[in-house]
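Participant: One-letter residues, chain by chain:
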Amino acid sequence: QSGLGKSTLVNTLFKSQVSRKASSWNREEKIPKTVEIKAIGHVIEEGGVKMKLTVIDTPGFGDQINNENCWEPIEKYINEQYEKFLKEEVNIARKKRIPDTRVHCCLYFISPTGHSLRPLDLEFMKHLSKVVNIIPVIAKADTMTLEEKSEFKQRVRKELEVNGIEFYPQKEFDEDLEDKTENDKIRQESMPFAVVGSDKEYQVNGKRVLGRKTPWGIIEVENLNHCEFALLRDFVIRTHLQDLKEVTHNIHYETYRAKRLNDNGGLPPGEGLLGTVLPPVPATPCPTAE
Amino acid sequence: DKQDIDKQYVGFATLPNQVHRKSVKKGFDFTLMVAGESGLGKSTLVHSLFLTDLYKDRKLLSAEERISQTVEILKHTVDIEEKGVKLKLTIVDTPGFGDAVNNTECWKPITDYVDQQFEQYFRDESGLNRKNIQDNRVHCCLYFISPFGHGLRPVDVGFMKALHEKVNIVPLIAKADCLVPSEIRKLKERIREEIDKFGIHVYQFPECDSDEDEDFKQQDRELKESAPFAVIGSNTVVEAKGQRVRGRLYPWGIVEVENQAHCDFVKLRNMLIRTHMHDLKDVTCDVHYENYRAHCIQQMTSKLTQDSRMESPIPILPLPTPDAETEKLIRMKDEELRRMQEMLQRMKQQMQDQ
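From first to last, the protein sequence lines are chains A and B. Going by our numbering, the first sequence opens with residue 3, and the numbers climb by one from there. Going by our numbering, the second sequence opens with residue 2, and the numbers climb by one from there.
Hints in this document: simulated from the structure, not taken from any laboratory. Any given hint could be a false lead.
In the PhoX-like style, the derived pairs of lysine-lysine whose C-alpha atoms are separated by at most 25 Å in a straight line are [as the list claims (entries may be wrong)]:
1) B:Lys-282 / B:Lys-225
2) B:Lys-187 / A:Lys-215
3) B:Lys-187 / A:Lys-35
Remember, predicted model here, so these are calculated numbers, not experimental data.
Model the full structure from these sequences, guided by the hints.
Facilitator: Here it is, written out as structure tokens:
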């Protein structure tokens, strides 16, 4: 839903203005009548490593009175990117490096009600966890005390389990015991990450920190005692970034491809020679960071 | 001198005391509705306002269970007493509102409920025995706006437009402890703008009399400027600066519910309970109920003139439609009248001829 701090969080994650909104609140902002998909690309650099980051926002999701099927435009967009990649892959004269516009990770923002997931959350995650890596995130977590946070997380985890929703990192894709132990801990204790985002800095104990200043104290975004932003950042960027891409390529994309081939009677879609059975397409290696 | 003054003293200056004594004996009643999406702290706020836990045995539903839930209307009544004054407080809760995937017209059960209370009061008022009419009309509706949005959401606008002519709506910004002061200011401004833009009529605080002292006038101004109130509630008492206060304990500090620098809870409580409770009831009776009543009567009158049973523009309703027997009797009498008139005419004619 709008207003859960998505743009602010993404800006905070990548320490730059990468979302579609500037940090200051846009007064002319209106809730769009249908779900829109807005993708913005940036090239960011760190330590000589360049990354082309694309942030896709979905304004209008969950904001209407009737939100039935409002996830469909999103599912459609994701599948369209798979289709684009597939078309390029089966081309006879195909590029060496196929431009990859596929969605590697979807951060789903849960409203911090303190009660449970909302029916819309369940519907979205049920449908989308089958096509993309979903990382559920509890937004604006500064509205919950430690106790409330812990209870809420437990309840959310249980609801996801009961409804058969597999969020990233999915259990079935753990490659070895080491992965499993590490991911188990994350799945059962840390997730969903309860986060707070901010693009403003304040002075705390002689240091300048990102935070939110309230009449009763300063909430430090990167302080693990205050919220789990640092955990989310390390997880998505510092440890599992490559894995997110691999799972997207080796699992979600392959599932899509197999379905398309089956629908086509075993033939790859796209402009191949009519009536000719083309040789099987060897899997392209997963694109790595430049 | 004193004797002269006594001679001029009739004694009706004691009326306010007499009224006071009678009202205290009779006790007061107040019906408060709370509405808004689940998880916005409505129950906690009610608890903080009235210091009674009406929701001890409440069972919260899981998301799956809520998928097929419709909007319910739940009433809790509690008798509370303070310094010998009794208050029968009824809280009307609306679980399920705004929670579904498709919330089209999810406010209908609520408007139906408000109308039903009006209708019942209307019937009672028009009835024969009006001694002990129970007033179940909703005197005030606290509407909880999510602090996570950028203003009003479509469902907020839908709800308020459906109810603003039926009940006093007091919009609140819920869970305000997730907002910093500048965000609260912006949000309040935004909400006020949108309320204007969409033509929503929320409860207006009455103007204070010109003879009130400056302090009171200043308080009244501050009250009006703080709307919509940004509130925080709490079920727990924590220790802050050596004192026990109602609040919320965070790793970065303690939010005190009754600290006016932290939120508008005190303003809301004062307004609702200490200064405006009676005005809320008055506006309900004099404006919302009268609107309903006038509308009802109008509908009944137009139905009556359509059926052309009676030409009187003042229906004493609810008029029972005459049954077949009575109708027959009326027709017979009409016939008789006509025959008598004809006879009289003939007699007159005969006399003239003679």
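Participant: If you check each hint against the structure, which ones fail?
Facilitator: none
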